[in-house]
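Which chain is which? The protein sequence lines are A and B, in order.
For the first sequence, this note's numbering gives the first residue as 1, with consecutive numbering after it.
For the second sequence, this note's numbering gives the first residue as 1001, with consecutive numbering after it.
Simulated from the structure, these hints should not be mistaken for lab results.
Straight-line C-alpha distance at most 30 Å; calculated DSSO-like pairs for lysine-lysine:
1) B:1202 with B:1055
2) A:204 with B:1055
3) A:204 with B:1060
4) B:1029 with A:27
A few chain B residues facing chain A, derived, Cβ under 8 Å:
5) 1023
6) 1090
7) 1149
Where is the CB? At the ideal position from N, CA and C, for every residue including glycine.
Here is how the chains run, residue by residue.
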Amino acid sequence: MAIISNAVTIADAGAFSLNLGSMVLIKTLTASSSANLAFVNGASSVVLDGTYPTYMFKFINIHPATDDVFFQFNGSDDTSSHAYNITKTTTNFSAEHNEGDSTAQLGYVAGDDLAQATGYQRLFNGVGNDNDGSLSGELFLFSPANTTFVKHFMARVGGHRHSSAALDSYVAGYFNTAAAITALNFQMSSGNIDAGIIKLYGIKAS
Amino acid sequence: MGLISNGTTLLDAGAIDSGVPTGAMTLIKTLTASSSGTLSFVDGAASVVLDGTYKEYIFKFYNMHPGTGAAKFRMIASADTGSNYGVATTTTMFEAMQDEGGSNETVRYEDGDDAAQSTSAINISTGVGADADECVSGDLHLFDPASTAFVKHFISTTQFVNNSGTPYCKITRVGGYVNTTSAVDAIQFSFSSGNIDSGVIKMYGIK
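For reference, chain A alone in the conformation it holds in the complex (with noise of 0.2 Å):
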């Protein structure tokens, strides 16, 4: 049965006809002293597969409980152990200013990319753990479940360094897989997330 509105199909064969929007909510995760916060295809309601073209990950004033600390990420694409482990290669680069004004600078941090590597990709570095101290930001993933290219993604993270200071930090790089992806895994380099928001986003192809 159809729902025809003044010769408009409102909804039809099950779903909406209408356009509903292109970027459609998936998944929100809460950290409250978590280890981490694993984004995985086919649990807890998480889609990460062929469902969407692009997957956005936001995250909001994620805060860690040690301080001093890196945020960072790795992929899976294991269909159940999920071992997070996928070799990676990446570009890092961050724009920093203090709030006592005598650092200002733009650079490639070396140290915190990654050349077919296996281990985390650093997404912020020496994020504090001061009260109001936190990070913000997104993270794009694109064609995850394609069996044929590896995967890009690039983030652009905002925070405050331990050393009071305003960080913008741009990783961009792939996952040198020709593997699906099906699993996200985000965490601090020590200790726990405090807490803090990830979001999971799908952004339709049409």
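Chain A is fixed; fit chain B onto it per the hints.
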């Protein structure tokens, strides 16, 4: 009464069913400049929502044309619904540029246009050209402005034609935070001198 199509619930109790994927990006407000000194988005005024309803707000700038050449596009925050603008803010700024003659290609930190605990309006571009076809476009993301625990992060990207004899193509990236644990409930945009001759700013909330 629910609306069920082919066994799938589409509408129930006056709302789209939670199982139906709907858009996560909601247009809240559009402001159009016409020789305007400022454009302000104030929570609770003129249908603007800038509170805890959304965890992220995105402002999109379309063809912001300054009344005065070399004016910098700026933003400033308020924590008292626009009664006072000017909350201490720290930012980074860098730019990539090339002139129309194919020279002066560079990427660099803009030390003089960043902010260190500044309560003045914050530059989110350097000088924009005011020729008839020159303007600045881009966006600004503001995260969790209603938080009363954390500082308020924002990231911005603007693309523009600068004010030079040989015009430059410039892209400017600004990141930073409004350094307060009070809720930020108003954002105002302006040029560093003269009016916003024309342009549109759209404000979106992200679910």
